[in-house]
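Enquirer: First to last, the protein sequences are chains A, B, C and D.
Quick note on numbering: our numbering labels position 283 of the first sequence as 325, and the sequence is numbered without any gaps.
Quick note on numbering: our numbering labels position 199 of the second sequence as 241, and the sequence is numbered without any gaps.
Quick note on numbering: our numbering labels position 103 of the third sequence as 145, and the sequence is numbered without any gaps.
Quick note on numbering: our numbering labels position 212 of the fourth sequence as 254, and the sequence is numbered without any gaps.
Please keep in mind that the hints were generated in silico from the structure rather than gathered at the bench.
For glycine and all other residues, C-beta sits at the position ideal for the given N, C-alpha and C.
Please note that a few of the clues may not be correct.
Chain B side only, calculated, beta carbon under 10 Å to chain A, not exhaustive [what the hints assert, rightly or not]: (1) T61; (2) V68; (3) L72; (4) D76; (5) H77; (6) V79; (7) G82; (8) P130; (9) L133; (10) I162; (11) V267; (12) A271.
Protein chains: 4
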Amino acid sequence: MTFPAPLTGVVPPVCTPLTPDREVDVRSLLRLVDHLVEAGVHGLFLLGSTSEAAYLTDRQRRCVVEAVVAHVGGQLPVLAGAIDMTTPRVLDHVAAVTDAGADAVVVTAPFYTRTHPAEIARHYRLIAAASPAPVVAYDLPASVHTKLPSELVLELAAEGVLAGLKDSSGDLGGFRTVVTGARVDPDITGFSVLTGSELFVDSALALGADGAVPGLANVDPHGYVRLDALCRAGDWDRARAEQERLCALFGLVGVGDPARMGGSSSALGAFKAALYLRGVIECAATAEPQVSLSADEVGRVGKFLAAAGLL
Amino acid sequence: MTFPAPLTGVVPPVCTPLTPDREVDVRSLLRLVDHLVEAGVHGLFLLGSTSEAAYLTDRQRRCVVEAVVAHVGGQLPVLAGAIDMTTPRVLDHVAAVTDAGADAVVVTAPFYTRTHPAEIARHYRLIAAASPAPVVAYDLPASVHTKLPSELVLELAAEGVLAGLKDSSGDLGGFRTVVTGARVDPDITGFSVLTGSELFVDSALALGADGAVPGLANVDPHGYVRLDALCRAGDWDRARAEQERLCALFGLVGVGDPARMGGSSSALGAFKAALYLRGVIECAATAEPQVSLSADEVGRVGKFLAAAGLL
Amino acid sequence: MTFPAPLTGVVPPVCTPLTPDREVDVRSLLRLVDHLVEAGVHGLFLLGSTSEAAYLTDRQRRCVVEAVVAHVGGQLPVLAGAIDMTTPRVLDHVAAVTDAGADAVVVTAPFYTRTHPAEIARHYRLIAAASPAPVVAYDLPASVHTKLPSELVLELAAEGVLAGLKDSSGDLGGFRTVVTGARVDPDITGFSVLTGSELFVDSALALGADGAVPGLANVDPHGYVRLDALCRAGDWDRARAEQERLCALFGLVGVGDPARMGGSSSALGAFKAALYLRGVIECAATAEPQVSLSADEVGRVGKFLAAAGLL
Amino acid sequence: MTFPAPLTGVVPPVCTPLTPDREVDVRSLLRLVDHLVEAGVHGLFLLGSTSEAAYLTDRQRRCVVEAVVAHVGGQLPVLAGAIDMTTPRVLDHVAAVTDAGADAVVVTAPFYTRTHPAEIARHYRLIAAASPAPVVAYDLPASVHTKLPSELVLELAAEGVLAGLKDSSGDLGGFRTVVTGARVDPDITGFSVLTGSELFVDSALALGADGAVPGLANVDPHGYVRLDALCRAGDWDRARAEQERLCALFGLVGVGDPARMGGSSSALGAFKAALYLRGVIECAATAEPQVSLSADEVGRVGKFLAAAGLL
């Protein structure tokens, strides 16, 4: 389908269910997609951080995009991450995911290498020039160790290089600069400004964001769809109550023992455990070398689900 | 050839010459290899940071390893980086580079994702279990944003998981802990401890390191080979003088204007400009999205070469 | 006066005007206080980062508190920073500023030293035990290089150790955790949760914050007082418009040339230049070793003021 | 006494013994000084990080300098830290410690505030202009969160602003740039380049450093004096053996449980526990809010001492 300009609403970064031997579990993946689509989400973002893109081989990445694109058949836009270190490597992923049917590609600043704003600009310009699909910038300093400057995002938006921004930086001030800047600049049209936060979707929409890409929407898509609708209706009190319920649920990302595992193992393990407990996917395995949650930690995920009315 | 246990001496991280349209310039690459081998280096490290591995596509990476392995024909050991974010992706590179003939693989901790010492240990154990060639750990916190703990390196060395360490952390204290620990632990034999520094190879060898992997050895391999020999002979005064000459030469990495480019563009651009000016490679281009040195900046590289007696 | 429980509304971190030879310009300071009080602010925060507390000697710090406390005569609460590295040194400042009449003290986590959550907790407990005035935690990771964990803030609030939080971390998710947690925990009463952001005061108040401590309120106190009133009235559309006007004005913090000075020199220099241009203070000097704005940069501050309708 | 140009040899950063109620234990302090002087150290550095300067009140800082200066009576040079955030506050400490008799002052870059190389240069120039005693730069990025650029240190040395550098950055490459630069620049004379490392004093002296300021020299001053003498005699093999013995001893800094305390609590607690176990000081207490070592952890300190032949 054509990528909407702008894309709005709830666009979950779709988890990638794995089998016990760490292959893509396509059946579970499509059940998860159905679970999201039936809840009313407005787009799907494949191969993001929540999708464990950093852990999937090129073959697995392609499998994910092909399976989902075929399954949804143009009902809603499908974005796909093209996550790699630099321009030439990203371009290979752009070719692969667009060939597999993605409607837009999502691209970070260069990482692993030392970079510079001039190089980040060059990176996006080269990618946009070569990509058959619109390019969405992915601001994820926790992974990339560089913050995308708001002014640069707006400059690239005005040039038509970028079609949108997924901002997972947690910096609402910089995010607002982009939202407001995109609104007032006559050279920018149809640009999508999406927050990657789980915790302040109401705030982001209130200040003018187009939508949200919350990892927790895998677990509770109905909640985020409801939240989005309440915000669009200007019913801020009920929006805030819904957001607070989701914030409490988000506590599940901390179930993993920090003496035993890192934050990704805990958060992605908890999302998958929740999907398993809710009956959406068949196996909660995360990719190597992540550490698995213990039975007790999975039990705590269950308590979060129960408290949020999801079990 | 069989990977030496331990590998000792000068092991340059080989630059990857590119054509003006950013394809691997195999002819220049092999001339560079000849330039290094004729100077007497003791091994070659392909697809490291200095090789722009982060910028090379999978096809280009394979091309580099195949060309060099075929060319050197077992005269000296060839190590190859398997640089990617996590275990499953690294394993694909391990298969590719060993299939192409590499004698050992060089692997960092997971990056882009949030990680944990337990996950780093699991990462190396899984890779060693699957790799047909020895695994050398690559400690590069400037890129990976995690420091490999010395105790973990020693633990994995004692288990036989790691065959060596390339330490580009700049932390001589932690490096020494590994050097001394590997010497005194009876469970550790044949483990190679290599410094990635250009600036204190004499110090590293004096405290017991096996060798060095200095990017600047592309430009002046004779200097590093001489330095290594002086250190092995215990001629510390002349070693220090040679090292200081190389330190002065290393100043060329700073020729790039920091208002216009990042540190990689400057340093890798300067190495390639020096190789071009010395007549070793045909084109000084660096990979996208790096910014090119100006004519004036290249002129300053020439002055460093002249001052070091290399022009 | 008694410190309100909770303190609500706009509490500017008051700039410290200096004479050309870098002494406290008490007359300008009191004119600035009048400018703020007449605009309707709800409290004053002395000796914070915006006040250049890090640059003021102990004698100057004391002078500031004594002068302002005497001048306002209990009309509104006066908070004072007790900014130093560790518990014993902070306690000396707590004694000094409360002796000088401050109604509450504002304290960061330990800095310069390496610290730990257990030590941060101990720090606040010891300070609260010794302080004659309520203690407000100051979360400022850009200066302190530690983020106050939300759970720890709530735990100390429930114990009665902390009377409030000034959150300048920029992390709205963590801020919300404290706001919501303080609301639902029956052991927490009268706790003030204040944002230090200039850019999303509307968002912070919408999700339940008690007030704001924006440095820019020195320059445009009427704007922030208006914004606060609109938020309290639930007039979110006009609040957003006012906030956006203030966001545009905040651009003045970037007038300083980053090749010539750091971010504090630019931002604090711009605040003082604006106060000078608005006729509030007599001299725009900032403390040593900050670099002064050029005439051209001061001219750009004037343009921001004009665009915001303040000249 | 006159500050030597250059100062050479072993200059321990003297621990500050405290009583159980956290007052300076002057009797223990002077016993510690005797323990160091009798071992043959070449200078004393008071009020550094190892001295817990960040935790001492102004009154306590003054007490330390006055007591030690009076006690050593000019037998050896006494340096004192003037550790505070910015120029005006540092200048107050410079006045206090020189008034108390310090022969030189040791000063970091500004911290807590955001800074810039131009501001760091201005900071040192203003302090040198006002200080009655020579100024030694203290490079401690772990505390200050800024690295002193080598070129700036050399520039200030050539101007006569700085009399020396204490480098605790761990970056031997940058350190070497200063050592070599100070040797070859005809405008620089009598400049002292001192490493703050415990772990590679032999390497630092081998490449031309003037001396060392190792915290561990509190515990084993004889070892560092021996190491210094072996290096000066060019007996590198025995120097390395002595250094390796000291490296093993340095392991005691890690006895504290990281789940329960930070790195300062562990390292400074271990130094003081060792001094207590060796009978030098009467009480091992560290300043608030540091966490105390457990009896078991103190027992592990004893084992390190025994292994190093110090009990």
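Enquirer: Each of the hints needs a verdict: does it hold here or not?
Expert: Hints versus structure:
1. Because the closest C-beta pair between B/T61 and chain A is about 13 Å apart, greater than 10 Å, the hint is violated.
2. Annotation: interface hint on B/V68 violated; nearest CB of chain A at approximately 17 Å, more than 10 Å.
3. Using the Cβ-Cβ criterion of 10 Å, the hint placing B/L72 at the interface with chain A is not satisfied: the shortest such distance is roughly 22 Å.
4. This hint is violated: B/D76 has a C-beta 26 Å from the nearest C-beta of chain A, more than the 10 Å allowed.
5. Interface hint status for B/H77: violated, as the beta-carbon distance to the closest one in chain A is roughly 25 Å, over 10 Å.
6. Residue-level restraint check for B/V79 is violated (minimum Cβ-Cβ distance to chain A is 28 Å; threshold 10 Å).
7. Among the interface hints, the one on B/G82 is violated; its C-beta lies about 30 Å from the nearest C-beta in chain A, farther than the 10 Å criterion.
8. Interface hint at B/P130: satisfied, since its Cβ lies 5 Å from the closest Cβ of chain A, which is below the 10 Å cut-off.
9. With a least beta-carbon distance of about 8 Å to chain A, the hint placing B/L133 at the interface is held under the 10 Å criterion.
10. Look at B/I162: its Cβ gets to within about 7 Å of chain A, closer than 10 Å, so that hint holds up.
11. The closest approach between the C-beta of B/V267 and any C-beta of chain A is roughly 28 Å, which is over the 10 Å cut-off, so the hint fails.
12. Annotation: B/A271 was flagged as interfacial toward chain A, and the flag is violated, the nearest CB pair being 33 Å apart, outside 10 Å.
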